[in-house]
Amino acid sequence: MSDVMTPDTGVEPMGEVTVRHRGRRGDSVTKVIGVVVSILVSIFLLVPALTVVVMSFAGGTQIEFPPHDWGFVEYHRFFTDGIWIPAIRQSLEVGLPVSVFAVLIGVPAAVGLQRTSLPQRGLVRTLGLAPLVVPGVAYAVALYDFFSQIQLIGSYWGLVLADTMLVLPFVVILVEAALLRVPKDLELVAMSLGASRSRAVIGITLRLIRPAILSAFLLAFVSNFDEAVFVNFLGGAGLNTLPKTIFGSLRTGLDPSITAVATSLMVISTAVVVAAFALQRRGQGGRA
Amino acid sequence: MFLVYPLIRLIVVGFGPPSGAGNFTSFFKQSVDITVLRVTFVDSAIVAVISVGLGAVLAWNIRSTAHRWFRLFLVAVVFIPFWMGSVVKLYSFTVILERLGLVNRVLLDLHVIHSPLGLIYNQFAVIVGMVYQLLPYSVLPLLVVFNTIDDDLLRAAQGLGASRAAALRNIVVPLSMPGILASTTIVYVVALGFFLTPVLLGGATSPFSASLMYDDIFSFYDFTSATVSALVLLAGAALVLLIASRLVGREQLRRAMG
Numbered sequence: 001m002s003d004v005m006t007p008d009t010g011v012e013p014m015g016e017v018t019v020r021h022r023g024r025r026g027d028s029v030t031k032v033i034g035v036v037v038s039i040l041v042s043i044f045l046l047v048p049a050l051t052v053v054v055m056s057f058a059g060g061t062q063i064e065f066p067p068h069d070w071g072f073v074e075y076h077r078f079f080t081d082g083i084w085i086p087a088i089r090q091s092l093e094v095g096l097p098v099s100v101f102a103v104l105i106g107v108p109a110a111v112g113l114q115r116t117s118l119p120q121r122g123l124v125r126t127l128g129l130a131p132l133v134v135p136g137v138a139y140a141v142a143l144y145d146f147f148s149q150i151q152l153i154g155s156y157w158g159l160v161l162a163d164t165m166l167v168l169p170f171v172v173i174l175v176e177a178a179l180l181r182v183p184k185d186l187e188l189v190a191m192s193l194g195a196s197r198s199r200a201v202i203g204i205t206l207r208l209i210r211p212a213i214l215s216a217f218l219l220a221f222v223s224n225f226d227e228a229v230f231v232n233f234l235g236g237a238g239l240n241t242l243p244k245t246i247f248g249s250l251r252t253g254l255d256p257s258i259t260a261v262a263t264s265l266m267v268i269s270t271a272v273v274v275a276a277f278a279l280q281r282r283g284q285g286g287r288a
Numbered sequence: 289m290f291l292v293y294p295l296i297r298l299i300v301v302g303f304g305p306p307s308g309a310g311n312f313t314s315f316f317k318q319s320v321d322i323t324v325l326r327v328t329f330v331d332s333a334i335v336a337v338i339s340v341g342l343g344a345v346l347a348w349n350i351r352s353t354a355h356r357w358f359r360l361f362l363v364a365v366v367f368i369p370f371w372m373g374s375v376v377k378l379y380s381f382t383v384i385l386e387r388l389g390l391v392n393r394v395l396l397d398l399h400v401i402h403s404p405l406g407l408i409y410n411q412f413a414v415i416v417g418m419v420y421q422l423l424p425y426s427v428l429p430l431l432v433v434f435n436t437i438d439d440d441l442l443r444a445a446q447g448l449g450a451s452r453a454a455a456l457r458n459i460v461v462p463l464s465m466p467g468i469l470a471s472t473t474i475v476y477v478v479a480l481g482f483f484l485t486p487v488l489l490g491g492a493t494s495p496f497s498a499s500l501m502y503d504d505i506f507s508f509y510d511f512t513s514a515t516v517s518a519l520v521l522l523a524g525a526a527l528v529l530l531i532a533s534r535l536v537g538r539e540q541l542r543r544a545m546g
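Chains as they are written, first to last, in the numbering used here: chain A, 1 to 288; chain B, 289 to 546.
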């Protein structure tokens, strides 16, 4: 067939070649634009982080970027200033019970949601995820109204309660995802071998998703450690967690030791998140 | 229960004393409140559109780049805003956007401008800060959406003579439209609820609901006013979510929440 075509299509292939050529040039323009935009966005995402890290090693007395002198002045102040360490302790005191409660409530909730066949399941799940989409400030104001009604403003347990609710969705989502990978039959097998229902759930299912529970705990902790809105509204004057302290010092002026605090925290939270993901990964690998 | 009650309480206080539903009429009569509301809703919309627009380009590049390292780099970069503390990000932006901050210094040194630009304590700064924090929220769900699109479709289109741009426009965009709309909605609603960014980057007089509510409660001890603002904000968010779930379905929205 090509033998027949060749003689009279002397022009056609030429046309096709030019068309394709033009197409390709346009394509590379599209591609370059895409890559350039991505790189610009990446720079936009990178610069604030780099700024903080670089500034934390500034040695001068003035806040300037880039700094003229270098040193560990800010780190020294971080440890000796007398506000940061108590703030971190306060954050831990809130964050630990919050993560524990979130796991204690979230894991049974996830198991229940997974195993039930009730029609309200969708509704319950939507409600549980609601804190993610209710505009944060509006919700904080709502809680403020509620807490002032029952006199929980500035109360430690009140804040713990509110924060627990905020991180609960993370735990439920993570644990539910892990549960999906555990075959239901395993529990049935255990029960047919004489285990009670609770023993089957605890001994088989929960043990299998242990890595996911631990990583949910860590992520809940990290995200709560960063929580600055609720504590501002509900914390009163007494509860000064780290984000609230940073917020306060930002409102009154730029305290450069924030950069040292921030850099240290970034290193720590990276370590925690990496650990959480490694656990999650290992959990998956074990079952695969 | 613990979730719903505060919201009910919000309604009770909103319609309660001093003047019941009159609280709302007086709210809507005050031009300050209206301005604040408009700024909040409009700026959040701008933020949502920019975040999803840039996020889509980024997500598409992550999905389709042939270079492993470039992909890894982009993914790592997307997680940076999560990784920095919420308040710290804003501190960094203060330093960068300041009168003699990074941006102004660079522009001055390059002789692009002759006097420092007022980049901070205005709506511009708030929008930049919010886009920064919301980019991951748009990139990650869009990445999931884009990954479901078959490469062969694109190849087929290009094989039939479509340019790359045309293939993207006529295949990828329509196929991922529900996902794009869902992400925009989620980003929009989250942006509406931002508190730290408007307060810290918007400056003392920033015209955002969040600052207004905070001042109402802690400077003027005016619960009712803050409550009314919160209710209006909630209603707006609910309306947007409702429209979006009509358009793209609830399942799609839930997926966009990550």
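Hints in this document: simulated from the structure, not taken from any laboratory. Do not take every clue at face value.
[What the hints assert, rightly or not] With the Cβ distance kept under 10 Å, some of the chain A side facing chain B (calculated, not the full set):
id, residue
1, 33
2, 45
3, 47
4, 104
5, 108
6, 184
7, 240
8, 269
[Claimed, not checked] Restraint-style ranges between C-beta atoms, simulated for each label pair:
id, chain 1, residue 1, chain 2, residue 2, range
9, A, 191, B, 341, 47 to 57 Å
10, A, 89, B, 463, 48 to 58 Å
11, A, 148, B, 535, 31 to 41 Å
12, A, 271, B, 491, 10 to 20 Å
13, B, 395, A, 70, 23 to 33 Å
14, B, 406, A, 39, 47 to 57 Å
[As the list claims (entries may be wrong)] Covered stretches of chain B (in silico footprint by chain A; criterion: 3 or more residues with CB under 8 Å from a CB of chain A, positions within the stretch not fixed):
id, region
15, 366 to 372
16, 376 to 387
17, 477 to 488
18, 519 to 526
Ideal placement from N, C-alpha and C gives every residue a C-beta, glycine not left out.
Tell me if chain A covers the region 376 to 387 of chain B under the three-residue, 8 Å CB rule, please? holds (count 9)
With a cut-off of 10 Å on the beta carbons, see whether residue 108 of chain A makes it to chain B. With a closest approach of 16 Å, the residue 108 of chain A hint is violated.
Given hint residue 47 of chain A near chain B, where the shortest CB pair must fall under 10 Å: holds, 7 Å
Look at the Cβ atoms of residue 148 of chain A and residue 535 of chain B and judge whether their distance stays inside 31 to 41 Å. Holds - the Cβ-Cβ distance for residue 148 of chain A and residue 535 of chain B, about 38 Å, lies within 31 to 41 Å.
Double-check residue 45 of chain A for me: the hint is only fine if its C-beta lies closer than 10 Å to a C-beta in chain B. holds, 5 Å
Honestly, do residue 271 of chain A and residue 491 of chain B meet the 10 to 20 Å range at C-beta? violated, 35 Å
Satisfaction of the residue 184 of chain A interface hint, Cβ to chain B closer than 10 Å: violated, 23 Å
Taking 8 Å as the Cβ threshold, is the statement that the region 477 to 488 of chain B is covered by chain A upheld or broken by the three-residue rule? holds (count 9)
Is the coverage entry for the region 519 to 526 of chain B by chain A consistent with the three-residue Cβ rule at 8 Å? holds (count 4)
Quick one: are residue 395 of chain B and residue 70 of chain A within 23 to 33 Å, going by C-beta? holds, 25 Å
Residues of the region 366 to 372 of chain B with Cβ under 8 Å from chain A, three needed, outcome: holds (count 5)
So, as I understand it, the hint says residue 240 of chain A touches chain B; can you test that by seeing if any CB pair is closer than 10 Å? violated, 13 Å
When held up to the earlier numbered hints, the structure conflicts with 4, 5, 6, 7, 12, 14 and fits the remainder.
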